[in-house]
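There are 10 protein chains.
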Amino acid sequence: MTKIDMSEEILSAKKNLGLNWEEIAKKVGMSPVFLTSAALGMNSLKKDDAEKLCEILSLPSEVALALQAFPYKKWDQTIPTDPLVYRLYEVVGVYGETIKEIVHEKFGDGIMSAIDFSLDIDKEEDPKGDRVVITMNGKFLPYKSW
Amino acid sequence: MTKIDMSEEILSAKKNLGLNWEEIAKKVGMSPVFLTSAALGMNSLKKDDAEKLCEILSLPSEVALALQAFPYKKWDQTIPTDPLVYRLYEVVGVYGETIKEIVHEKFGDGIMSAIDFSLDIDKEEDPKGDRVVITMNGKFLPYKSW
Amino acid sequence: MTKIDMSEEILSAKKNLGLNWEEIAKKVGMSPVFLTSAALGMNSLKKDDAEKLCEILSLPSEVALALQAFPYKKWDQTIPTDPLVYRLYEVVGVYGETIKEIVHEKFGDGIMSAIDFSLDIDKEEDPKGDRVVITMNGKFLPYKSW
Amino acid sequence: MTKIDMSEEILSAKKNLGLNWEEIAKKVGMSPVFLTSAALGMNSLKKDDAEKLCEILSLPSEVALALQAFPYKKWDQTIPTDPLVYRLYEVVGVYGETIKEIVHEKFGDGIMSAIDFSLDIDKEEDPKGDRVVITMNGKFLPYKSW
Amino acid sequence: MTKIDMSEEILSAKKNLGLNWEEIAKKVGMSPVFLTSAALGMNSLKKDDAEKLCEILSLPSEVALALQAFPYKKWDQTIPTDPLVYRLYEVVGVYGETIKEIVHEKFGDGIMSAIDFSLDIDKEEDPKGDRVVITMNGKFLPYKSW
Amino acid sequence: MTKIDMSEEILSAKKNLGLNWEEIAKKVGMSPVFLTSAALGMNSLKKDDAEKLCEILSLPSEVALALQAFPYKKWDQTIPTDPLVYRLYEVVGVYGETIKEIVHEKFGDGIMSAIDFSLDIDKEEDPKGDRVVITMNGKFLPYKSW
Amino acid sequence: MTKIDMSEEILSAKKNLGLNWEEIAKKVGMSPVFLTSAALGMNSLKKDDAEKLCEILSLPSEVALALQAFPYKKWDQTIPTDPLVYRLYEVVGVYGETIKEIVHEKFGDGIMSAIDFSLDIDKEEDPKGDRVVITMNGKFLPYKSW
Amino acid sequence: MTKIDMSEEILSAKKNLGLNWEEIAKKVGMSPVFLTSAALGMNSLKKDDAEKLCEILSLPSEVALALQAFPYKKWDQTIPTDPLVYRLYEVVGVYGETIKEIVHEKFGDGIMSAIDFSLDIDKEEDPKGDRVVITMNGKFLPYKSW
Amino acid sequence: MTKIDMSEEILSAKKNLGLNWEEIAKKVGMSPVFLTSAALGMNSLKKDDAEKLCEILSLPSEVALALQAFPYKKWDQTIPTDPLVYRLYEVVGVYGETIKEIVHEKFGDGIMSAIDFSLDIDKEEDPKGDRVVITMNGKFLPYKSW
Amino acid sequence: MTKIDMSEEILSAKKNLGLNWEEIAKKVGMSPVFLTSAALGMNSLKKDDAEKLCEILSLPSEVALALQAFPYKKWDQTIPTDPLVYRLYEVVGVYGETIKEIVHEKFGDGIMSAIDFSLDIDKEEDPKGDRVVITMNGKFLPYKSW
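Chains as they are written, first to last, in full-length UniProt numbering: chain D, 1 to 146; chain B, 1 to 146; chain G, 1 to 146; chain R, 1 to 146; chain L, 1 to 146; chain E, 1 to 146; chain V, 1 to 146; chain A, 1 to 146; chain U, 1 to 146; chain C, 1 to 146.
Keep in mind that a hint or two might mislead.
[Claimed, not checked] Dumping the calculated DSS-like pairs for lysine-lysine here, alpha-carbon to alpha-carbon at most 27 angstroms:
| id | chain 1 | residue 1 | chain 2 | residue 2 |
| --- | --- | --- | --- | --- |
| 1 | C | LYS128 | D | LYS144 |
| 2 | G | LYS15 | L | LYS73 |
| 3 | R | LYS3 | L | LYS106 |
| 4 | G | LYS144 | B | LYS144 |
| 5 | R | LYS3 | E | LYS15 |
| 6 | L | LYS52 | L | LYS14 |
| 7 | A | LYS123 | L | LYS128 |
| 8 | L | LYS15 | V | LYS46 |
| 9 | G | LYS52 | R | LYS106 |
| 10 | R | LYS14 | B | LYS47 |
| 11 | C | LYS3 | D | LYS74 |
| 12 | E | LYS74 | V | LYS47 |
| 13 | G | LYS27 | R | LYS106 |
| 14 | U | LYS123 | C | LYS3 |
| 15 | C | LYS128 | U | LYS106 |
| 16 | L | LYS106 | E | LYS27 |
| 17 | A | LYS3 | C | LYS15 |
| 18 | E | LYS52 | V | LYS144 |
| 19 | L | LYS128 | V | LYS47 |
| 20 | B | LYS47 | D | LYS26 |
| 21 | E | LYS15 | E | LYS47 |
Please keep in mind that the hints were generated in silico from the structure rather than gathered at the bench. Predicted, not measured: the structure shown is a model, and the values here were computed from it.
Kindly generate the complete structure, drawing on both the sequences and the hints.
What follows is the structure, encoded as structure tokens:
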């Protein structure tokens, strides 16, 4: 079973059961962001988590195996077109060098890891319009010299 | 005076005075991220802030005028090469559709604004290696139908 | 049911019934432009509107569900080839910086939203050749500093 | 004198005189959008208009000659990065096929001319936030068969 | 029936009947170039012409309907690879600015329409090798100011 | 002297003398299209023609030498942006396969040469709007087998 | 039968019969390079040669017809990735301007035809490692002026 | 001295002395193709050859040093535009897979080296038009397994 | 049987038998890297090795034949997106010119062969986190002059 | 002083002193690869190392400061053209998925760091031709779930 078929099975079961990612993630005991990324084929789950997810959604063991497979992370569009995703790309374009300046000032020469990394999405209620809060948390990796 | 010349003047004065962005930003009374992005030519400053910044760095009024000009936000590399900036691009590639799923689940059809938006960068101390924490906060904009 | 299948069903039913977008939109009580964009899979409809559209076209409830799904807005060709669509791209190329100048002059630093946005298409009769009138109306979003 | 030098001279004179495009356009007797596009080098002016503009800005006759030269309309970035200009590109991506449907329904097979064309930009005041109104008006050109 | 299926049906019927485009075009009463472009899905035919073409090729009415549909003109390769088509692209590259100079000298600022346009292909016999003669004829469209 | 400097000298002399390409070409005894393409650096002239052109424009012998140099034909924009030049690119996109069909039908498998080739531009007066007539004439080159 | 199906049939028959291109080409009476290029769909064969090839490989007449069809020469990868093919691309990159210099020195302004052209591939035995010898032979086409 | 300056010096001296590549190469005792490629900055010369070349052209020792520097072989245009160079690119596109078939048939799995490689250009006189003969000779490198 | 089908068969058999590449490679008597690259369709195996591999995995002789076919090495993404593969691309970007400097210093003008080449991957245990060690070993090929 | 000026100064001083990277690196007490990458502007040096390097090459303190600046790692060509560098890109294309398979088999889901990373280049003498040995050593970073 490919990751693509796996995702379709999960999305379809989720819809039929009327569950949302937050509820599912709570039951599995993980962050909704990580769980969703695994369900969409962009991360792998450990055996236990994969099986728990399949149990919740009444999906067969093949799906659990597909969830454990290590993905080839691939995206098609160099520049994303969907407005929600594009705005994130735009933020990288507008603030990329600024982030570089500030990280270097605070940490020295190095980068924020995208592997030892977590991401959360919250809703901040606001009378002038609710706000999306995205928090990225990655280990600082200093450049090694040798 | 172009934004490029302005940035060079600011970076040079900052280096000579031995100041960092945090100190300068505190004196101006702004976030270091926004101030840096304006100094790098990616945002404009209000008159007062521009003048205060020039006062701190002993820069002429031309720089203050250039800081107030509305920038044409332009980046050259469709896919950034610098590892620190690329990792941010990679995060958008890996988690873009996940963010879309979760935002739609929490807010409905719409996007996070990249205009009514702020960004903060913090250091989280950790014995296993300090962590970079980037927080994006943007107004949710629902799609309008008509 | 994918958005692509949904669009095919709608276009086919519309053709068989001999209706045009203006007539359908009037019955649903929406703008023909927004309704068409939803039928082509580029916007989502609210439950009531989706069901009304399906009723008019005698389409099953699956189509109504697909119309309510939040779309991933994707276009394939970086530069469109169809002459009608290309001319719009050309207008952005030729007048983009001019629009930037005038909007900044009238409103300050910020953008026209493409989300809190509406678009209308009218026919202006003219003995020297009728004219297409496209009106875009988007909320001005000022850049926020912080 | 190249169009690039010409634009710099005009922008500099305009700034020094503290004039805006609306005021200048009124004096020349043209639309501010067209006048700005000519000043930015994307359109040519007739002799009289070019000379009137130079008179208003106290610019030499070379500038007037450069304004009359027929431009090579060139833009560098296939996909614009500046958020204000990108949103216009996005509108073409999201609504391109919709506009095609509606124009074909109202006019038959053909296109909206981008040559026999005008463009206006207005401000619509709104307590929930002012709105940018962009109106494109182009002659419908039916495809010719032979 | 899509334009692609339509083209296949027409090419197959044409081959089986042993007809060539010149003969078919003569019977329909149109130029062979325009008729071929419509058969390949790049232009639409009026109802009468579409039906006459289907009669000649003994094709069903679905094909006639597909011929009347307004096409989305799409080409895949930014730079064509087939040598015959590439040479035309090369001519535009080598002579593009020359054509611009001469057209502007003869007509003023404006363009040759590609919509109010016709194209003919002739054979000029020559003892040193026959020659292909391609004639493009498009309405001059002067830039409008406003 | 580079071809770029050469072109600038020629364009400047032509402007100062108030001549147009047709007049110059007549005096040299060549087609205005070919002469313009050589003046813009896209073709080379024979010694006599180069010297005659320099005589007419009172240009030094360096320019005549540069005109005789064999050019590296280079264009920067894969897809041209100027509307006049883009329309020619569009014609290749829309009619490329049609031209291939008709040429193959009339001549067999082969191409129209872009080297043993000439191009003319004429004005066809028309009360509904004058028309641009571009005629390409290239030797048919049959594919050789071996 | 498409060129792609044709190629598959030929490659499969060739494998089953245990023949190689040299043997087949000898029997048909052609160069192995041209015959292979036709079998791969990049050139067309004359009726006799196509039928002889099908006789040798015991293939049906449809294949012979497909071999006679004039191909649309299309390649997918702007820069080839296969190392053998890439090295040829690299040779063009490294030696392109050198070839231009030498050809112009020997022949004047013009090109080597890729249509009136043949290509041979030979093996040169060498104790230090055999060598591949590729010989291109194309008619010189002088640029025409007019 | 950069390779670019070196090339300019050599081309200029060669022109002033009225020498051609064949004559120069004969005097140095090398192939004109290799010598030209080194003069254009795409290959390096051994000390003796570099000095001999500079002696012939009366150029200073800096040029000889620049000729010995190992070049970074760089070309700007993914797809060359100059017709002479493009035809070579086209040959790779049309015959690439054919060359692969024949080389594999004659030599097994491997490639023709572009490093242990030589290239010659000859003129074949022909009453129907002289022919350009390009011969590539590269060592066959079999893929190694391990 | 295509290389793609072959790879699927091998990966499926490997999974069902619960074998890993190291074990399989040991049994075949080859390096796991080369064997994996052949199984993924990027290299060909000799007859004996191909048959031994199929015996181990109980696969039919068709798979053995497909393993012996000489591959067309093709990759889709100019810049790989998967983080593991991208990091290798990044290493080439960051250290490419450095490697060039050092190789030229140690060996003279030439390259490291990617054909007469082997690659190994090892695990270096480290209490601060295990390390991946990739060793490339390629024959130095000096540029030939002629 | 920019990194580009810094590199020029270092390369020029190194040439004049007749030193090579190995000798310089030994004196500084670092790996020649890392030192070269810093000299070419792709890595930063610690204060002491920067000053030692400048002492060895008799360069002013500005160079030492430029060596300590944190670089923006930028490369221009998506696909490198120089044959030595291209071969490394090719290795990533051919063996990328193989490396992914083997690393995942040995380490689990994760990547080899390109930051906590070192690279060595050695010469392996071989009577059949010396060999280049490139060793990459990067920390394995397992994907984190949360």
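Hints, one by one, checked against the model:
1. Restraint check for LYS128(C) and LYS144(D): not satisfied, since their Cα atoms lie roughly 36 angstroms apart, outside the 27 angstroms limit.
2. With a CA separation close to 21 angstroms, the supplied pair LYS15(G) and LYS73(L) stays within the 27 angstroms bound.
3. Restraint check for LYS3(R) and LYS106(L): satisfied, since their Cα atoms lie roughly 22 angstroms apart, inside the 27 angstroms limit.
4. Note on LYS144(G) and LYS144(B): the hinted pairing holds, with a Cα-Cα distance of about 22 angstroms set against a maximum of 27 angstroms.
5. Between LYS3(R) and LYS15(E) the alpha-carbon distance is near 16 angstroms, which keeps this suggested pair within the 27 angstroms criterion.
6. Taking the CA atoms of LYS52(L) and LYS14(L), the gap is near 14 angstroms; set against the 27 angstroms cutoff, the hint holds.
7. Between LYS123(A) and LYS128(L) the alpha-carbon distance is near 22 angstroms, which keeps this suggested pair within the 27 angstroms criterion.
8. The straight-line distance between the Cα atoms of LYS15(L) and LYS46(V) is roughly 18 angstroms, inside the 27 angstroms bound, and the hint therefore holds.
9. Simply put, LYS52(G) and LYS106(R) have alpha-carbon atoms about 24 angstroms apart, close enough for the 27 angstroms limit, and the pair holds.
10. Among the hinted pairs, LYS14(R) with LYS47(B) is consistent with the structure: their alpha-carbon atoms are about 20 angstroms apart, no more than 27 angstroms.
11. About 34 angstroms separates the Cα atoms of LYS3(C) and LYS74(D), which puts this hinted pair outside 27 angstroms; it is violated.
12. Distance restraint check for LYS74(E) and LYS47(V): the Cα-Cα separation of roughly 40 angstroms exceeds the 27 angstroms cut-off, and the hinted pair is therefore not satisfied.
13. With a CA separation close to 18 angstroms, the supplied pair LYS27(G) and LYS106(R) stays within the 27 angstroms bound.
14. Proximity of LYS123(U) to LYS3(C) is assessed by CA-CA distance (about 36 angstroms); at most 27 angstroms being required, the pair is judged violated.
15. Proximity of LYS128(C) to LYS106(U) is assessed by CA-CA distance (about 17 angstroms); at most 27 angstroms being required, the pair is judged to hold.
16. Taking the CA atoms of LYS106(L) and LYS27(E), the gap is about 18 angstroms. The hint holds against a cut of 27 angstroms.
17. Note on LYS3(A) and LYS15(C): the hinted pairing holds, with a Cα-Cα distance of about 16 angstroms set against a maximum of 27 angstroms.
18. For a cut-off of 27 angstroms, the pair hint linking LYS52(E) to LYS144(V) stands: about 19 angstroms separates their Cα positions.
19. At most 27 angstroms may separate the alpha-carbon atoms for a hinted pair to count; LYS128(L) and LYS47(V) meet this at roughly 26 angstroms.
20. A hinted pair counts as satisfied when its Cα atoms are at most 27 angstroms apart, and LYS47(B) with LYS26(D) does not qualify at roughly 49 angstroms.
21. Proximity of LYS15(E) to LYS47(E) is assessed by CA-CA distance (about 24 angstroms); at most 27 angstroms being required, the pair is judged to hold.
Violated hints, in rising order: 1, 11, 12, 14 and 20; the structure is consistent with all others.
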